[in-house]
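Q: Sequence:
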Amino acid sequence: MSADNLIKSWRTWTTSKEVRAAKIFLGLMAAEDIASGYIPAGVLTSEIIPEIRKSSKYGGVMLWSKYWDEVNHDYSAAIFDSVTNCTKCE
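Note that the sequence shown ends on residue 90 in the UniProt record's numbering; no numbers are left out.
FYI, nobody ran anything at the bench for these hints, they're computed from the structure.
We put the beta carbon where it would ideally sit given N, CA and C, even for glycine.
It cannot be assumed that every hint is accurate.
As the list claims (entries may be wrong) - DEER-style ranges, computed between Cβ atoms:
#	residue 1	residue 2	range
1	S76	S9	21 to 29 Å
2	K17	F80	27 to 35 Å
3	G60	G37	16 to 24 Å
4	H73	E18	33 to 41 Å
5	E32	T84	22 to 30 Å
6	K66	G37	35 to 43 Å
7	D74	T12	25 to 33 Å
Turn these sequences into a full structure, and let the hints steer you where they fit.
A: What follows is the structure in structure tokens.
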């Protein structure tokens, strides 16, 4: 999935009257070897996070899984600042 398609889908989910969640988390693969749909950390932090954080329903990011996060040299560490305190998002 491209960054543009993901952002478009995010906007659909967060504006839908059928989705009544107060917060929505973006679920991501922590490494390429798990399944399709992996998003490199640089793309996530520069293109996707700044856009999805604009939604009041942004809850954060969840990764699958801790094991693959470590295999991928701490993907979570690479995205942490953007997910929690994105200075590019303001």
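Q: With reference to the structure, classify each hint as holding or not holding.
A: Quick rundown of the hints versus the structure:
1. S76 to S9: 21 to 29 Å: Roughly 22 Å apart at Cβ, these two residues keep to the hinted range, so it holds.
2. K17 to F80: 27 to 35 Å: Once the Cβ atoms are compared, 33 Å apart, the range 27 to 35 Å for F80 and K17 holds.
3. G60 to G37: 16 to 24 Å: Because 18 Å falls inside the window, the suggested range holds.
4. H73 to E18: 33 to 41 Å: holds (38 Å)
5. E32 to T84: 22 to 30 Å: Cβ of E32 to Cβ of T84: about 24 Å, so the range 22 to 30 Å holds.
6. K66 to G37: 35 to 43 Å: Violated, since K66 and G37 (Cβ atoms, about 18 Å apart) do not stay within the stated range.
7. D74 to T12: 25 to 33 Å: holds (31 Å)
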